[in-house]
Amino acid sequence: MLGLSAAVLGTWVERNGPRKTMAVSATLWVAGFLVSALGVSVGQLWIVYLGYGVLGGIGLGLGYISPVSTLIKWFPDRPGLATGLAIMGFGGGALIASPLSNRLLGLYGGEDVVAGLVPTFLTLAVVYAVLMGLGAYVIRVPADDWKPEGWTPPEKSDETSMRTTADVTARNALRTPQFWLLWTVLFCNVTAGIGILAQASPIVQNFFPGVGAAAAAGFVSLLSLANMAGRLVWSSASDVIGRKPTYMLYLGVGALLYLGVATFGRSSLLLFVLMSVVILSFYGGGFATIPAYLKDLFGGLQVGAIHGRLLTAWSAAGIAGPLIVSGIQDLQTARGEEGADLYLLSLYIMVGVLVVGFIANLLVRPVDERHHETDPDQLESEGASA
Amino acid sequence: MSESSSSTAGRPEGADAAERTAAVVLWVIVGAGLLYGVGETIARVTQLFG
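Sequence lines, in order, name chains A and B.
Take any residue in the first sequence, note its place counting from 1, add 114, and you have its number in the numbering used here.
Take any residue in the second sequence, note its place counting from 1, add 27, and you have its number in the numbering used here.
Think of the hints as simulated: they come from the structure by calculation, not from any bench.
Careful, some of the hints might be misleading.
In silico lysine to aspartate or glutamate, EDC-like type, Cα no more than 20 angstroms apart, as pairs [to be verified]: (1) A:LYS358 with A:GLU263; (2) A:LYS134 with B:ASP43; (3) A:LYS270 with A:GLU487; (4) A:LYS134 with A:ASP226; (5) A:LYS134 with B:GLU46; (6) A:LYS270 with A:GLU483.
All chains, please: the whole structure from these sequences, using the hints.
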């Protein structure tokens with residue numbers, strides 16, 4: 115729902131601005147929690163799906179894309195930093211929500227987790243209403259003439275860094291090969307990362323049988339931290355080294371690291387953890403750098419809407435990644451494999467997936483001028499009609 | 028960065044002050060939450076290598 119709502123409602127977000135979008139996002143997200151609490155209290159699972167899955171998912175999608183284009187406007191000189199800040203919040207939220215939810219469940223339910231569900235949903239609904247309400251209240255779009263002190267906007271496009279001064283509408287962006295190449299890049303990066311992240315706890319326990327459940331939870335937490343930090347660090351770095359080389363790093367070095375985990379990951383827990391941390395930092399960095407890459411290629415006019423449509427790659431990867439890993443795990447279990455051998459084939463497949471993404475990134479070139487918007491009146495009507 | 032020639036220029040000063048206060052409150056809560064999350068993570072990570 116997250117990716118789909120971001121794709122479908124991206125142009126609505128551009129038209130209505132971040133404050134209204136955040137208010138709607140907060141309303142849907144909080145409503146999702148309230149409806150879920152109702153579903154649990156009456157014992158109807160479909161109501162929980164409707165609340166947390168559908169309503170919450172749409173709210174999440176809107177909330178995810180709403181700060182991106184606003185922050186890019188505040189930091190036109192450093193779009194990578196801007197998108198890193200915006201997307202890092204998403205990773206940081208997971209870092210807080212997971213331990214907080216566990217603590218609330220224990221507080222309200224004690225040993226009986228189910229008994230703690232309804233009050234936990236209700237408490238989180240109140241917390242999110244306050245925080246997201248404050249966020250919607252304080253956000254501001256800069257004035258049209260705003261620019262950072264001492265910074266002069268470039269007058270013409272830079273072919274080397276592929277940073278354009280032109281604008282492409284969301285509708286036209288879909289007609290360019292660049293959009294679909296970046297879709298492939300994001301899909302591959304997320305498929306590889308999410309496949310491992312979703313199975314991180316059993317993977318570390320199978321690679322190292324001495325690692326217990328509590329220690330494996332520590333490993334998962336560390337990956338979440340790396341995921342969050344990678345969003346800010348790598349995306350900011352992309353302002354200096356360029357977007358295309360940054361994705362070559364994510365996908366190329368990422369593939370080598372996956373290969374390293376598969377071939378000699380079992381030799382040392384520390385080495386295994388270090389490689390996994392870097393891989394997950396690349397995974398987070400991939401999310402955060404993509405809006406800046408889109409801004410470089412398509413301009414800032416409808417970058418939020420274009421970003422929203424690109425997030426369908428995340429939805430697809432969210433299905434493909436865990437399916438690959440768990441499907442192969444089942445297959446290997448049926449063959450009588452155990453321990454780390456359950457995951458080796460998945461890791462090699464992820465290397466291949468990352469290589470495909472690497473090639474897609476290599477093929478990215480500046481957008482052809484025929485897709486650029488030149489008529490301001492047409493731009494207005496695109497924004498209104500979209 | 029310099030101050031914005033804000034799109035909200037011309038708004039009453041009280042509104043700006045309220046927004047700034049809300050922003051500070053938000054950052055305090057989020058900052059505290061992040062510290063809590065990082066602290067919990069570090070506590071768990073020590074179990075991994077403990």
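Item to complete: Would you pick out the hints that fail for this structure and give their numbers low to high?
Response: 1, 4
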